[in-house]
Structures are given as structure tokens and as C-alpha cells.
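S.K.: Sequence:
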Amino acid sequence: MQDNVMNAFTEQAKTMFGPVSKFNGLMVEGLEKMTEFQLDAVKSYSEIVLGQIKKASEIKDVDTLRTFSTSQAEVAGSINKKIIEDAKALTDMATDFKGKVESIMEEGRNTASAAATPKAATKKAS
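Under numbering that gives the first Met the number 0, think of the first position of the sequence shown as 0, with each following residue one higher.
Just to be clear, a hint being listed does not mean it is correct.
Stated by the list, open to error - Here are the simulated SDA-like pairs of lysine to any residue, each with C-alpha atoms no more than 25 Å apart in a straight line:
id, residue 1, residue 2
1, K42, D85
2, K87, A75
3, K32, I47
4, K81, D95
What the hints assert, rightly or not - Here are the simulated distance ranges between beta carbons:
id, residue 1, residue 2, range
5, Q51, R108, 48 to 58 Å
6, T116, K87, 37 to 47 Å
7, V100, S68, 12 to 22 Å
8, L25, K53, 52 to 62 Å
9, A55, I83, 19 to 29 Å
For the record, the hints were derived by calculation from the structure and aren't laboratory data.
Built from N, CA and C at the ideal position, the CB exists for glycine as well.
Put together the whole structure using the sequences plus the hints.
M.R.: Below is the structure:
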């Protein structure tokens, strides 16, 4: 009798904590992706800034100043393009995360519903 109770308790615990465990795993995965994304972004933007500082330090006369100034529009365009790409990547990550969370929630609802159904049928039969 006690074995049946313990087995039932173990199964209910697995059923109840399964979605929580999946959600925790998803959170860790999302945190890893976000951290990697942010580190890549910081590196990339830092490289752009350092490149501009180096170019600015090479200004020696009016001609190099003119060349530097005209290249700024090109740099601004590449930064704008990078910002748009990064925003799209963030949106894609958020959409993917949302879909996975919804899937886990749906699985949890289905599991809870299935677990509750036999109990209700047993109570009605009593």
C-alpha cells in the first residue's frame, strides 16, 4: 500500500515539476544566448569606436581631416545597419523564447488537466 502511495506521489511530482524544470532550462538557455549576444555587440561596437579613434588620431592636415569627415557618413550608415540587425536578432530571440514558453505552459496545462481528470472520475464513481 505504501509503495503504491509513494509511486503515485513520485509520478505526481514528476508531472508537476516537469514543466518547471523545462522552464528553468529554457531560462538558462535564454540567459546564455542573451549574454553571448550582448558580448558580441559590445565587442563589435567597441571595434568600430576604436577604429574611429585611430583614424581620428591620424589626422595631420586638412586633407586627412576632409577624408576622415567624409568617411563618417559611411561609418554612421554601417552603425545604423548594425543597430537594425541587432534589433532584428533580439526580436527573433524574444519570439523564439515566447513560443517555447507558450509550449511549456500548454504542456503543463494538458498534463494538469489529464492528472485531474482521473481524480474527478474516481470521485464521481464513489
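S.K.: Would you mind marking each hint as holding or not holding in the structure?
M.R.: We went through each hint and held it up to the structure:
1. K42 <-> D85: Holds. K42 to D85 sits at ~13 Å (cutoff 25 Å).
2. K87 <-> A75: 18 Å, holds
3. K32 <-> I47: Measuring from Cα to Cα gives roughly 23 Å; hence the hint holds.
4. K81 <-> D95: Given that 25 Å is the threshold and the Cα spacing comes to 21 Å, the pair holds.
5. Q51 <-> R108: 48 to 58 Å: 53 Å, holds
6. T116 <-> K87: 37 to 47 Å: Roughly 43 Å apart at Cβ, these two residues keep to the hinted range, so it holds.
7. V100 <-> S68: 12 to 22 Å: About 48 Å separates the Cβ atoms of V100 and S68, which means 12 to 22 Å is violated.
8. L25 <-> K53: 52 to 62 Å: 42 Å, violated
9. A55 <-> I83: 19 to 29 Å: Holds: the Cβ-Cβ distance is about 25 Å, inside 19 to 29 Å.
The structure shown violates the earlier hints numbered 7 and 8.
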